[in-house]
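K.L.:
In order, the protein sequences belong to chains D and L.
The first sequence begins at 1 in this note's numbering and counts up by one.
The second sequence begins at 1 in this note's numbering and counts up by one.
Each hint should be verified, as a subset may be incorrect.
[Unchecked claim] Here are the simulated lysine-lysine pairs, DSBU-like style, with alpha carbons at most 35 Å apart:
id : chain 1 : residue 1 : chain 2 : residue 2
1  : L       : LYS299    : L       : LYS137
2  : D       : LYS400    : D       : LYS345
3  : D       : LYS345    : L       : LYS137
4  : D       : LYS400    : D       : LYS48
5  : D       : LYS48     : D       : LYS345
6  : D       : LYS345    : D       : LYS89
7  : L       : LYS239    : D       : LYS89
8  : D       : LYS48     : D       : LYS89
9  : D       : LYS48     : L       : LYS137
Hints are computed from structural coordinates only; laboratory data are not their basis.
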Amino acid sequence: MRLIRDRLVLGVSAASLAAGLLAGGVAEAADIRITMAAPDWPPTRFMKEEFDRSYQSPDGHNTVLDMDFIPWPSFYERVAASLASGEQKYQMIVTDSQWLGAFVEGGYYLDLTDMMIADPELTAIMEDLHPALVSAYSTYPHKTKDFIAENEFPAPDTRYFGFPQFPDTYVTFYREDLFCHEGEAAAFEERFGQTLPCTYEDWQDVDWDTFRNIGEHFQRAAGDPLGDGVADDDFFGIAYQAGKGYDFSTMQINAFIWQHGGGIWDETEAPNAQAEGVVNSDIAVEAFEHYLDLLQFMPPVAQTGQMDIFVIQDLYMQGKVAAIVDWVGLGEPVLDPNTSLVHDKSAFGPAPGLRQEDGTIDRTGNIGGQPFVLTTWNSDEVVQEGLNVVKWWLNPETQKNFVANGGQSGLMSVMADPEYNDLRPWNRAHVEMLDWQRDVWHVPDFFELLTQQQEEFDRAITGQIDARTALDSVARFQQMLLEDAGLIE
Amino acid sequence: MAAVRSQEEGGFFAWMMAPERRGPMLVAPALIVLFVMNIFPLLWSFGLSFFNYRANRQDIPDFVGLRFYERVLTDPDVWERFQTTALIVGSSVLVQLILGFLLALMFANQFPLRRVLLMLVLAPMMLSFVSVGVFFKLYYEPTFGLLSQAVRVFTGSTYAILGSPTGAIIAIVIADAWMWAPFVMLLVLAGLVSVPKYLYEAAEIDRASWWRRFRTITFPYIRSLLLLAVLFRTIETFKLFDIVYIITEGGPGTATETIAVYTYRVAFQFFRTSQSSALAYIILFVVIVLTNLYLYAVKQREREVS
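For reference, chain D alone in the conformation it holds in the complex (with noise of 0.2 Å):
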């Protein structure tokens, strides 16, 4: 009897398996458009030339990828209205992390939860990518970069919407050769006691006092000796973000609150987290004023508060300023003799921290870079077809490949790799800042929260109220606004 049965079941897994092969071997190639709404710039411009000249369908389709190429100022403008209209444009999109929960809760992002565990190749993708990368840019509701590091894929409660395409993270942009310059270091010395860093490792041991001497040291005005010859016009030490538009202050004064002790509200413990008494700390207050305090070094377009992610590297490419601190994203420009004049004259090193009690430097920052994702209007097949792209983006071959034409790879397998730093001069630096990578909220009020913020910051920036007024307005506000939306209770 049991051998009848077991004969049955083996004929029956056999028809199974003969019909699954006669059914795969049957299954026709479709045509398969998929449109990507995608920011205007290297490293997306890189996805397309890449994958036009290398993605072959594993399930034989001629697939296209159709980039919506979006400048930047309009990308959330541009994604938000296709989203909100119904036209379902999109296949794909390349997001900011922060967006996650509005278009989340929207209904537009495709949970990927169950396609990832019941797929091995991208649950091996999952596991390989840096737990930093997947708390900010695949979670939601989000968990911490601590949570998902602690717990093997999938982590319990967590739902996962978003890949890597193109992480990111802030490091220092630096004038080797005015910084390895003998008089220059020797001035900065006999004012300051300090060695002018250099090398990589000199970086790695600067702390935002450092950041400021030479802020202080390198500010000269036209006709002053600079290097080995004289500043043309008036030369600046240092800059960072302090822009009033979308998160272009933020990102930085948030890595101080960090740094400092501080915090912003968190989204994790909703809706017992408080946004009054934590934004507004006196730590926030402390670490907003260091921030503020560094400006007075900066070029003079910081007093306008519209000292952007753009702006300061391109007060770098003209040669204005020593040394800024800015995302990996930008860097490819600054070596391309086309667009800059400090091509030649360019290294990279970690961004400056904040130095702790123990002599360590706290190198925390606010993660950048986008995820991309699928919709949720997708057909099956075009979701499946979808999956293969990520896998194709995400294979190691493709990364490296990204990587050495000026993009960075989530994978830790490829950043472990050892060419991986050589590739690119601030390689090493990024794979340096991203275990320090935490991120800003992803709640659908994001928007609100970070345009108040942003104003609030941008008064203190220009000088129209101090640091505590700021904090205490965005913490009143933050309160009310979360209170109203049922994240605190």
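Using the hints provided, position chain L relative to the given structure of chain D.
P.N.:
Below, chain L alone, put in the same frame as chain D:
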């Protein structure tokens, strides 16, 4: 009978163009476009302003009556933006009026290269808002901008006009006035050239002073056109968005955030769709009042001319 046969022979086109329906058929396309592009969205957004609806959420809208109108009218942020808008509108229109008037007085006379200069003066008005915004943003840039460099020649230090609320408002007013003063000039110039020459000749015989000639001859002819210019520019400046958004993004803080920029933020960044609809209707009401004043001025002018 012959006409009916002719229509039947001509088919559908002939039927449409029959004298009794030719008129309605010719205006129908325009009416359809107007309804689809203007009237329907207006009515739809008016309806939305009475519901609690956010375009980026899937929640079903629920009726809330006048709640959003009450919220908008009691929101101190809205009143602050209205005050900012009023300040910019008042200052900008005044500057445009003075500049436009002076330019018109200049161009009412004949002088060498007048045509070339006139073309140059009119050029800003023909540029796009984005171009003007970007141009002035670079012009005001404190590190390398022309304004800062010019100030440095005299003071020895750079100048960040956008660094203070007052400076930023002045900067916006200058940009807007630079762009639109030529428009005021055109209107005033039209009035100036319509003044009969014999009136000036008679005044000269009477040895009337320049001021008396201006007050009794020139000004009555251009008064209505000046009023038109004021109203037209007030309505347009009230909706000022592009230049502000590009030059200051409403900053420093919210010092230059006009009501148009604020409405945009509420609608397309915060996705408070119903609230922004209510706000838009309040702005529409203000613009309608101003438009009626404008139409009244036009009628006055027509009466004067006739």
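K.L.:
Under the constraints set out in the numbered hints, which ones does this structure not fulfil?
P.N.:
1, 6
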